[in-house]
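J.: Which chain is which? The protein sequence lines are A, B, C and D, in order.
Each number in my numbering comes from the position in the first sequence (counting from 1) with 10 added on.
Each number in my numbering comes from the position in the second sequence (counting from 1) with 10 added on.
Each number in my numbering comes from the position in the third sequence (counting from 1) with 10 added on.
Each number in my numbering comes from the position in the fourth sequence (counting from 1) with 10 added on.
By construction, these hints were calculated from the structure, which means they are not laboratory data.
You can't tell identical chains apart in this list, so a pair holds if it fits in one copy or across any two.
Here are the simulated lysine to aspartate or glutamate pairs, DMTMM-like style, with alpha carbons at most 20 Å apart:
no., residue 1, residue 2
1, K147, E269
2, K94, D83
3, K94, E315
4, K103, D180
5, K338, E325
6, K38, D55
7, K329, E199
8, K29, E291
9, K71, D60
10, K123, E315
11, K113, D83
12, K307, D74
Protein chains: 4
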Amino acid sequence: MTIRFGLLGAGRIGKVHAKAVTGNPAAKLVAVSDAMPAAAQAIADQYGCDVRTIEAIAAAKDIDAVVICTPTDTHADLIEQFVKAGKAVFCEKPIDLSLARVKQCLEVVRAHKGTLMVGFNRRFDPHFQAVRGEIDKGTIGLVEMVVITSRDPGAPPVDYIKRSGGIFRDMTIHDFDMARFLLGEEVSEVSAMAAVLVDPAIGKAGDSDSVQVMLKTATGKMAVISNSRRATYGYDQRIEVHGSGGSVAAENQRPVSIEVATGAGYTRPPLHDFFMTRYTEAYAAEIAAFIDAMGGKAQASPSGEDGLLALALAEAALKSVAEGRVVKMSEIL
Amino acid sequence: MTIRFGLLGAGRIGKVHAKAVTGNPAAKLVAVSDAMPAAAQAIADQYGCDVRTIEAIAAAKDIDAVVICTPTDTHADLIEQFVKAGKAVFCEKPIDLSLARVKQCLEVVRAHKGTLMVGFNRRFDPHFQAVRGEIDKGTIGLVEMVVITSRDPGAPPVDYIKRSGGIFRDMTIHDFDMARFLLGEEVSEVSAMAAVLVDPAIGKAGDSDSVQVMLKTATGKMAVISNSRRATYGYDQRIEVHGSGGSVAAENQRPVSIEVATGAGYTRPPLHDFFMTRYTEAYAAEIAAFIDAMGGKAQASPSGEDGLLALALAEAALKSVAEGRVVKMSEIL
Amino acid sequence: MTIRFGLLGAGRIGKVHAKAVTGNPAAKLVAVSDAMPAAAQAIADQYGCDVRTIEAIAAAKDIDAVVICTPTDTHADLIEQFVKAGKAVFCEKPIDLSLARVKQCLEVVRAHKGTLMVGFNRRFDPHFQAVRGEIDKGTIGLVEMVVITSRDPGAPPVDYIKRSGGIFRDMTIHDFDMARFLLGEEVSEVSAMAAVLVDPAIGKAGDSDSVQVMLKTATGKMAVISNSRRATYGYDQRIEVHGSGGSVAAENQRPVSIEVATGAGYTRPPLHDFFMTRYTEAYAAEIAAFIDAMGGKAQASPSGEDGLLALALAEAALKSVAEGRVVKMSEIL
Amino acid sequence: MTIRFGLLGAGRIGKVHAKAVTGNPAAKLVAVSDAMPAAAQAIADQYGCDVRTIEAIAAAKDIDAVVICTPTDTHADLIEQFVKAGKAVFCEKPIDLSLARVKQCLEVVRAHKGTLMVGFNRRFDPHFQAVRGEIDKGTIGLVEMVVITSRDPGAPPVDYIKRSGGIFRDMTIHDFDMARFLLGEEVSEVSAMAAVLVDPAIGKAGDSDSVQVMLKTATGKMAVISNSRRATYGYDQRIEVHGSGGSVAAENQRPVSIEVATGAGYTRPPLHDFFMTRYTEAYAAEIAAFIDAMGGKAQASPSGEDGLLALALAEAALKSVAEGRVVKMSEIL
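Can you build the whole structure from these sequences, using the hints too?
T.: Written out as structure tokens, the structure reads:
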């Protein structure tokens, strides 16, 4: 059976998903929609699909599922609309920037017994999956401490920053999800520090560009995240997990892995330039997982609940910075 | 303009090329042919193309180019047939196991001003290309010595060995081409040693399974190749080039690059299992290069001449082993 | 000129310093003292020096400097006694577990214009020094974030734990000093989390065995430290520093650096077993630096003040854990 | 029991051994001799030993063993003189540049039941020893192929080259010994290629500066050595051994192992500058092994016989280059 897809949003991430869908033998891209017709048409031309309105896609008999890649403030509404229309929904993170709105949206999904999967792509990176695999196999014993490094090559435009919900909801949210994925227990306490070190304009916009966060679970497992909007050497994405029996780590990936040796030393090329090249395989794998979930082979995961919990950690981090104290998750949820 | 392809041979390597052709936006797979109808049909079903006879493909108006993936002993005949039919030809290595037959075939290609490209896929590996790129940029000065390690994870069946032309023509030929690609000068002298260390059955079949070869050019540049039909840790493919100003090396690639640390030490997973996973990107890139050559953007390279010269090095290596001496290329060509 | 040393304390770390002193061409070990005569005699026999009482060493005309390696609760008294006796003093960290006592002791040192150096050995590790060297050269621009990983191979006996002042004063103190060494600015805020994950007996003794700490300076530079009393794969000691122009990192060291490849993957041996093998060169270099300071070639560094400030960070971390909040250093000092 | 040493030769390598002897708790440096009195005096001053003539050292009752670090052309004579005088002899490689003279010398050693150890220091490098250790433990199964890379940072003065016996006897000889150490079987065939790529003056002096050698044993085990007198990135010393069950490799060592990441990529510092810093531990360990051999704890190894066999491989390589063929060791020995 081939799953027939509609794509909502033909921007940067929309293109990534268009490629993932068309590259999957079990899927077919039927239609694309975008507020900017030229963007939709470009994808339609490349992959031979229709351009349709959102309403037409919701009403379409030849579409089983949608991938939502529109601006964040439309996510929750679209999820509700398409769940009600009986389509399976894959939505880019975050569901919404407001915790209350997310909860409301998940109510609607539950009420309609909808299929909702949230795009925490990193869970599908083969290297991070292998890290989780070693944990599951017991190679490192009981998980004790998780260390996550996530540094973007450069800051986005301040206009983007202003609409992003801030670094914790926009960038760290991926690391919050990864921490949950690896800790294997819910976080109960959050402490965060934030600074503006990269670009004063980010500070003027009310956001930070450099943050570090500590997490702790009820049984004492801990995680630490360090983030920056700047990394001159490429997209820095590393995780390590320490357990009672050992540790497992996923190092950075690079597009070309030669090494040049001269009198100046040994030099390897920079890392991937950003998420689209770094997580190419992950994007394909998450669409495959979504298709599996639609076929009943697996639960849709990461779920809407996972989206909610990562956002709640971002809220807690913001509150921790504002109040200079450890915030308990029971204060947030 | 879309290049319309016929695929000759639907075996293991045929499937690789079917994927490369269909994944290329400038190409379309129109038809496939194979002595075993079921094999051809499987590819036709997966990619939505026709099954046709070789003759039909040669005569087809809707086919511009063919990819030859049939058994080695049919290569030269097919190249001649399709060049005469006005198709551009991409042929898997080797053109033939006989130097004389290869020369004859290349005469026909020249006489018909045909486009012929030979499948030395490793030239298109992004890591090896980056090595060559550093040489071209002058990073390491003048090339002096090349060191090539190429070890297969396991020996092929003895039936395959018997038809293969022997390890130098079947396996080392890739390394001979890589040595030529990196030395930037023609080899003038060859010395080789060979042994049966992996499987006595290979020795009984008249072949070796472990070899090492030294090459030298007229100006004294040298290369050394070491090959084995056995590598328990995966497909071992490394090159290093030393020059007057430094060196550049391409290390092994692995599908998953985590590291586990326990009391037993630090462990990374094995390498790729074989060429199909190791050289995925290279197969796609060589088809892209072939398409560029058809469009006149570049010369078809590696050329039939490159195929001839790599085979000549294999001949020289065989003669060197047989006679226990350095063989000059002027004795062979 | 040869500096003539007395060694106070002939235990594990006393032996390390005896070796460092006797191996230094500008130094001579004249006498050793220990509460356990057999321990002192063993060092005397090995290096051909006298066994003397502490009082005799303080009064000795043939001794210029002492190395204090006695139990922590004697450090401050001995520093005062030997500074008054006109000897240069190298004292193992910490000066004392009480901030008030340390301040008092440093008053005495200042009043007598004494030379005091504190044994933060890691500053002298060639790899960490090279990290600092790159910062000083400006290679990575302005320092923004420091990440320190420090994991002991195993927990010390609970008896030791009880007298140690707790993990922050005993173990993390080295990382606090390293953070100050690398941040290049004083820390103004501290937030810490602590847990008992390794050994419940450590918890019963009122201490933690797993901690993570975030630090921040007035200008927003940040550091994060993660510590555990357990690392099955050896003594895990890593630092990385991120700046506006790049980053610099010091990886783990191992006594033997081979790599074995089999079907199970690629395995390197475990790390050094603990600080005595990991920091061999650092111990020799810190004694050399002390000798240089005595000869007026450099300031004694790390100074008593450095000892005080690292201890103050430990105090702040303890307070942060107890009160679940960010602690300002102005509350401590 | 303390072994009392005389040191013959106070040049560069003499200083290395003076340090190794005086640093060994079981040894004492009693006297040093050199044709240049100032050189001998410098060592005597540094380590507090006598300056004596060679004759006086041979006759001395307070000397048990000598370390010969004089020019190569004096080695064989001194070995004979000191074996006859009843001293244990440690001699720097080579025993002599003439195979006949070496054989004669070893006859004298045997006749006097002397203890003779030859300074193939690399056998004592902890990393190379660990490689051998894995072979002995069976980790990689039966040894099949050895790959040795040895590249000097720069060429020695042509005056040295002229007296050196040529690159095979001077430089490759270490790799010949290492190949024998790792193959675990005697070499039966040798094939070599040589070129002048680094410095034409070396060619004018009748020597080569870039060579590659293949070795083979009677059972088909093989080794390949590649050498150059130039490596801009430091002293390049690597070995890898492939066996039926896996492989083991020793990578290069560097004095400082940080990594800097910037927009230009990831850079590690160059390797050790040359053998004195690279093999510091090996020099100490080989003197310790010599002392053990004198105490009867082990055979003196590498023996005079090992010195002879490595030289014979150098002879074979020279003959192979001269005659353009594989040379059988039965032609040489």
